[in-house]
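Just so you know, the sequences run in chain order D and B.
Numbering of the first sequence is given in this note's numbering, commencing with residue 10 and proceeding in unit increments.
Numbering of the second sequence is given in this note's numbering, commencing with residue 4 and proceeding in unit increments.
If you're looking for bench data, these hints aren't it; they were derived computationally from the structure.
Among these hints, one or two may not hold up.
What the hints assert, rightly or not - In the EDC-like style, the derived pairs of lysine to aspartate or glutamate whose C-alpha atoms are separated by at most 20 Å in a straight line are:
1) K462/B x E447/B
2) K331/B x E131/B
3) K132/B x D137/D
4) K535/D x E459/D
5) K244/B x D142/D
6) K536/B x D454/B
7) K427/D x E539/D
8) K535/D x D556/D
9) K132/B x E417/D
10) K11/D x E129/D
11) K427/D x E408/D
12) K132/B x E129/D
13) K132/B x E246/D
14) K427/D x E478/D
15) K427/D x E417/D
16) K15/B x D316/B
17) K339/D x D418/D
18) K132/B x E379/D
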Amino acid sequence: MKALLAVARLISETERMAFVRGLVLSIVVMVMGAALLGLSGWFVTAAAAAGIGGIGIAFDFFRPSAGVRFLALGRAAGRYGERMLSHDATLRALARLRGAVHAGITRLPHEVQARLRGAEALNRLTADIDALDGLMLRLVLPFFAACATQAAAFVALWFLVTPATAVAVLAIYALGGIAILTLTALTAHAPAAAAETSLQAIRAASLDLMRNRADLAVAGALERQTDGALAAVRAEEAARQRLDMIDQWSGAALALASGLAATAALLIGGRAAEAGQISPAEAAIGFFVALALAETLTTLRRGLAEWGRMQGAATRVLALVDTPARRTPKAAPAPRAGAALLETRALVHCRAGAARASFGPLSFTLAPGETLLITGPSGAGKSTLLSTLAGLIAPSSGEILLSGAPLEDWPEDRLRAKLTLVPQRSALLSGTIAENLALALPPERAEDEERMWQALEAVHLAGVLHAREGLQTLLGPQGVGLSGGQAKRLALARAALRRPPILMLDEPTEGLDAATAHGTLTGLRKLLPEAGIIFVSHRHADAALADRCLTISV
Amino acid sequence: MTKTDSPTSSAKAELARLVAPVAGRLRLAGLLAAVSELLWAAQAALVALAVGGLLEAPVLLPIWEASAGFLALMALRTGLDAAAQGLASRAATRLVATERQALLRAAARLDARASGLTPAELAALAGEKLALLGPFAARYSPAMMRSRIVPLALIAITLPFSWIAVLIFLIALPLIPIFMALIGIAAQEASERQMVQIGSLNGALVDRIAAVTDLRLIGAETRAGAELANVFERLRARTMKVLAVAFLSSTVLELFSALGVALVAIYVGFNLLGEIPWGSWGGPLSPEAGIFLLMIAPTVFQPMRDLSAAWHDRASALAVATELSAAKETLAREGTLLGYGTPATPPAPAVLSWQGLSLRPAPSAAAIRFAEGQIAPGEAVALSGPSGAGKTTLLAALAGLIRPDAGVIRWGETALDDESADALRAAMGWLPQAPQFIAAPLAEAITLGRDGDLAAALKAAQAEDVIAALPEGLATPLGDIGGGVSGGEARRLMLARAHHARASLILADEPTADLDAETAQAVIAGLMALRAKGAALLIASHDPTVIAACDRVITLEPGGHP
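The shape of chain D in the complex, shown without the other chains (with noise of 0.2 Å):
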């Protein structure tokens, strides 16, 4: 519940004018569709009763039928403001919502960060994102309406039939009400949380069947894996029904509370009618304001069903966006004379729980304008050893040192303009060839496109870019439109373009021919003369394009 409000007060902060907005029409329209029920009834009867007592002259119906129609209207058009509003603000809500996951995801320790990146990480979190959509539409906005909708009513009963209607009718509202939906809330919990988990494991037991059916098939093991799945459908189905039941016997519930609230203004009200206090007309207002009210729970009623599902949501949202700022010192610190551009002292990486050290321990300087080779048999720990001087990931024990100061000491924005990595599977965006590149490049000179196809030239993919649109190259989700081989040289443009002082590279080389893999290398080099480089490579080709070459072995 806790996480709920929070996410609540999250969404509804950044756009609280525009749900005030969505939430002060949402009353008028309530209000109004009682109105309108109440109004014809009380015109029609008082229309009979006039016409009865031979007084239908007398009757004005001008102000009355023009009030029916008014509100007819009236509604339609407020239902249509009302809708527009709130999905505007909604929308706007989860944009900024969204935002703050990413701002939160940003923060993470990158080993955390990397656990997110898998296919069903992300479709766990865009779904919990989207189950958190009808917070606002189905559950805070409808109850704060509701509330208002029945005060509104409460009083125009009191005054337009008798009071005893007015208290009835609100008792019966309220107190079935809260009695209904609470019960609702607490008991769809439960089945509502385990709908959504079977369902993500329907969704990671469909892939695995699918993607290891061949070793499963041989290891007789296909016919197990399958039945693991079918349980998982069966539990889905089972919670499914569990929900339904509860909507059903909830709706039916809240049915029979607005038939009793009717029955009872029907029956107080002409009690009162026929003692002579009101008139057959005003009565007729409570029995149909009673009955309209209905409206006031049945959205409220469909929210609440999900509530279970947007807890868990929400708790899980809420983390990411919790996620506490990353310690970053504030001054970079003071540059020593004479120190090496980089310098490791043995430096040992040792994964948490881990019975053996990833690498390690290790010492090496790097110059300027040197190549570094590091070889080393899978599984020796080359990746991790640049992750780690990269500042990715902290090193166990030893000290990384830069221009001479400990890697930790520098400043988020400075390290990274000061060393650069580009991993081995690297990651592009949807968007243009020119939007990748100049997320790479400072601010003010995002543009410069000479630039960019400087870049492009390193590492031969120019060429093929010219072939294309040029900078203006579109790129699907996660750069698809480029091969294997060319996204990986977009990647090593990109950091490029950065001339940082030194540029680490995870397997430059893999998959690309030996001629392409050759030209990348001088090309890179000669586009940054200066800096430091650092690359693995399996290739033996790669060895001689490198200065000096570091072997770790497991």
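Fit chain B to the known structure of chain D by using the hints.
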């Protein structure tokens, strides 16, 4: 395939076919709901009689009797509604679960070379997409039934009282679908134009999260965040344009139904006052009749309103039905692997031989013919040949993972077919070219539920230090792409799996591809250790070190055996 084009007749037919098994229950649910809605007329009559009695003697129905009757009918209607809803929702969940199970069963046994349906597409279809059939069945179908019965029945009830009221209904009701269709077409077009962008509200976020490390490394974290806000703002503006048209269609509906009700109310009022004496049969309406008409007027429009609220459910269900039928077609076309993948007792070691084999490497590719060949127990054989000669295809066929177009594969005297496949595979170990693990703790991903000595298998495959470097050792969850282990480490774990299976024939596909020399050497040693324990090896490879380590080579000719 996912494009939501305008509902074609084939999509409608497909959806009807999907719903057919539960159609009877849905019809019954719709019928119950319609009866319940029509009972409102009885409630209205009670109230009308009671209020009429307040206006004028004689009192036809005392107020407390009317109240009691009203409440009793309400309870009856509530029961009917609950029964209808229960029927419809149970039918809907059953429908979704049945389709999911059929889909997963078919996909699990899909032929190994099949490519028409990716795992991600299957997961999306079996997960959130099939779920969209539920709301369609539970809400749209019963609403459709009600909209066919209730308005006409209520109009028939109205006719004896007033032809004007009937006229109002008859004008307002058909106008609703006409205007909605017009606006609906506009909305459809608008949303199709924007579909790509709207879908990418999440896509834009996912793209940035997938690239979060890269963005940090090029110092673009803050700028990417700011840029994301701009993308969201553009998407919001576009989405609102689509919603504006979509909401307009429901507003038109509300407007017409509200106007219909208001006109009836005003007509009845004026008739009772004597201002409009015509429109009813033989004199003005009685007060009771007036109140009754006023009360049933909104119910005439209610089924239409519910139907339009569920319109979106129908659109999504049509899209899902189209996609599901395409997926089923793909699954049927691409065929199944042999056998069922159940545990079985392995046969004694014997010669594996094949004659007259003809195999297609991909469902649409031309068939490759293979020369006959065999592997004796304990033999190490390399399978070489240029890429495209069918090395991987032959291995998969020998394991019964793809169905040959022609030819026979034998284990001793036993022919490989659906009946024998599970038992024969129990004697085989399988090392695929791209190692993958099920999303489970590592221990389970290696044993795959079989008994055996895991520690010894890990030792034999030199995989103990792979486990030692993992944060939770054997309990480490792998999955997706075997996150956390390198290519060489994954191969060693696959070797451990082969050791653990105590297979008498190991089928390995390019076990040293993309590995550095040192790791490749370790993998070859692991394979030879399997052989030392008595297993026969068939290794597809063009790595000279692998070929040198084997007893003999089967070379596949490019373009197949003449």
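Straight-line alpha-carbon gap K535/D to E459/D, limit 20 Å = Distance of about 16 Å is within 20 Å: holds.
Holds or violated: K427/D with E478/D, Cα cutoff 20 Å?
-> violated, 32 Å
Between K244/B and D142/D, does the CA-CA distance stay at or below 20 Å?
-> With a Cα-Cα distance of about 18 Å, the restraint between K244/B and D142/D holds, given a limit of 20 Å.
Restraint check for K132/B with E417/D, where alpha carbons must lie at most 20 Å apart | Since the Cα atoms of K132/B and E417/D sit roughly 47 Å apart, the hinted pair is violated (cutoff 20 Å).
Does the alpha-carbon distance linking K339/D and D418/D stay inside the 20 Å limit?
-> With Cα atoms ~9 Å apart, K339/D and D418/D stay inside 20 Å; holds.
CA of K11/D to CA of E129/D, is that 20 Å or under?
-> Violated, at about 27 Å.
Taking only the CA atoms, is the gap from K427/D to E417/D under or equal to 20 Å?
-> Status holds; Cα separation ~13 Å.
20 Å limit on alpha-carbon distance, applied to hinted pair K132/B and E246/D = holds, 15 Å
Hint consistency between K427/D and E539/D [alpha-carbon to alpha-carbon, up to 20 Å] = It holds: about 12 Å lies between the C-alpha atoms, which stays within 20 Å.
Take a quick look at whether K132/B and D137/D sit within 20 Å of each other, Cα to Cα.
-> holds, 16 Å
Take the C-alpha atoms of K427/D and E408/D, compute the straight-line distance between them, and say whether it is at most 20 Å.
-> holds, 17 Å
Verify the proposed pairing of K15/B with D316/B, using a straight-line Cα cut of 20 Å.
-> holds, 13 Å
Consistency with the previously given hints fails for numbers 9, 10, 14 and 18, ordered from lowest to highest.
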